[in-house]
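*Asks:* Taken in sequence, the protein lines are chains A and B. Sequence positions in the first sequence follow the numbering used here and run 1 to 128. Sequence positions in the second sequence follow the numbering used here and run 1001 to 1141.
Where hints are given, some of them may not hold.
To be verified - Not everything, but these chain A residues come out facing chain B in the computed CB check (under 10 Å):
(1) R50
(2) D53
(3) D59
(4) M60
(5) S61
(6) V96
(7) L98
(8) R107
(9) W110
(10) L114
(11) K116
(12) L117
(13) S119
(14) K124
(15) N127
To be verified - Computed list of lysine-lysine pairs in BS3-like fashion (alpha-carbon distance at most 27 Å, straight line):
(16) A:K116 x B:K1013
(17) B:K1072 x B:K1100
(18) A:K29 x A:K70
(19) B:K1115 x A:K124
(20) A:K124 x B:K1013
(21) B:K1100 x A:K116
(22) B:K1072 x B:K1115
(23) B:K1072 x A:K116
(24) A:K29 x A:K67
Calculated directly from the structure, the hints in this document are not laboratory data. Backbone N, C-alpha and C define an ideal beta-carbon position, used for all residues, glycine too.
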Amino acid sequence: MVDYYSTAPMIARMVEQEPDTRQLSNVLKAVSDPTRRSILTQLVQEGHIRVTDIAAYFDMSLNSVSKHIKVLEAAGLVSRQTMGRTHLISANMEPVSLIDEWFTQLRSVWDIRLEKLDSVLTEKNQNE
Amino acid sequence: MSDLTLTTSRHIKAARNIVFDAWLDPEMLARFMLPGEGMTVPSASVEPQVGGRFAIVMQAGDQQIPHGGEYKEIDRFDRIIFTWESPFSVDGSTVTLNFKDADSGGTDLELIHVKFADEPTRDNHLGGWDSILATLDGVLS
C-alpha cells in the first residue's frame, strides 16, 4: 500500500514548479474585480484609451483608476504608453491564455490518461 | 452507498483488441498511465492474469511514487477490472474498463473509477457485492 502522507511534499512541489503559477495568480486576481473587468473590456473593445478618459467613463478618481491599472499591469493584461503628456493604456490578451490552459488541465487524471492512450494508439496506427 | 464514483469515456480510433491489450502491456502503460501533465513513468510491470499484479512507478522531478494494483477480472476484449492503489486514495479503489465496438468504427472505452470512503465500504464492494451479484446472475439466467 502506498504511503499517503509522504507524497504531500511532491504535490506541493508540482505546483511550485509551474513557471506561470505566479502570473496566473496575478491574472486571476486582476480579473476578480468587476471594475477591473469592465476596464479590461473597454480596452479590448476600444483599443488605446487615455487614463483620464477611463476615469471619466467610470466616474472614478484618477487615483482609484491608477490603482486598478497597476493591478492589471502587474498581471501583464495592460500596457502603458506615453505620448507627450498623454498616458494611454491598451489591453494585452496573452496572459488570458494562462487561464485557458489551467482550465483545460483541470480535469480528471483518468481523462488525461485516456487522452494520452488515444494519441499513443492513433499515432501508432499512422506509423503502421 | 457511500462510495465515490467517477465515470468517463472516450472514443478511440483503434480496434477494440488493440485498445484492450494496451492496458495489459507494460510498455504501453508506461506511455499513457501518466499521473499528470509533465510527469513520467520510468517503469511498469504487469502480470496479465486474474489475481496478478501490476506496478507502475510515476516520477515528478526526482521523486518516485509507486502505484499498483491487482487484476480482478480480465475478459478479452470486453472488460478489465483492477484495484488501484494510489497516494490519493487511502482506502484504495477499483477501476472497471468496458470496451465496445463503436458504430462509427474504433472503440468506445468506458472507465469507471470507484473510490472508497472507508474500509468497510471497500471490503463490501470487493468481496460482498461481487459474490452477491454473481449469485443473482446465476439465479436469473
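*Asks:* Would you check whether S119 of chain A satisfies its interface hint, that is, whether its CB is within less than 10 Å of any CB in chain B?
*Replies:* 8 Å, holds
*Asks:* Hinted pair, alpha-carbon criterion (27 Å max): K1072 of chain B, K1100 of chain B. Please report holds or violated.
*Replies:* Cα-Cα ~19 Å, so holds.
*Asks:* Assess, step by step, whether the Cα of K1100 of chain B is no farther than 27 Å from the Cα of K116 of chain A, and give holds or violated.
*Replies:* 19 Å, holds
*Asks:* Can you verify the interface hint for K116 of chain A: is its Cβ closer than 10 Å to any Cβ in chain B?
*Replies:* 4 Å, holds
*Asks:* Quick one, is the K124 of chain A hint okay against chain B at 10 Å, beta carbons?
*Replies:* Since chain B brings a Cβ to about 8 Å from K124 of chain A, closer than 10 Å, the hint holds.
*Asks:* Interface hint check: V96 of chain A, Cβ to nearest Cβ on chain B, cutoff 10 Å. Holds or violated?
*Replies:* 20 Å, violated
*Asks:* How about R50 of chain A: closest beta carbon in chain B under 10 Å, or not?
*Replies:* Where the cut-off is 10 Å and the nearest Cβ of chain B is about 42 Å from R50 of chain A, the hint is violated.
*Asks:* If you take the shortest Cβ to Cβ gap from L114 of chain A to chain B, is it below 10 Å?
*Replies:* With a closest approach of 4 Å, the L114 of chain A hint holds.
*Asks:* Against chain B, is M60 of chain A within 10 Å by beta-carbon distance?
*Replies:* Violated, because the Cβ-Cβ distance from M60 of chain A to chain B comes to roughly 41 Å (cut-off 10 Å).
*Asks:* Given L98 of chain A as an interface hint, is its Cβ closer than 10 Å to any Cβ of chain B?
*Replies:* 14 Å, violated
*Asks:* Holds or violated: K1115 of chain B with K124 of chain A, Cα cutoff 27 Å?
*Replies:* Since the Cα atoms of K1115 of chain B and K124 of chain A sit roughly 32 Å apart, the hinted pair is violated (cutoff 27 Å).
*Asks:* With chain B as the partner, please determine if D59 of chain A meets the hint condition of a C-beta pair closer than 10 Å.
*Replies:* 45 Å, violated
In this structure, the earlier hints numbered 1, 2, 3, 4, 5, 6, 7, 15 and 19 are contradicted, and the remaining ones agree with it.
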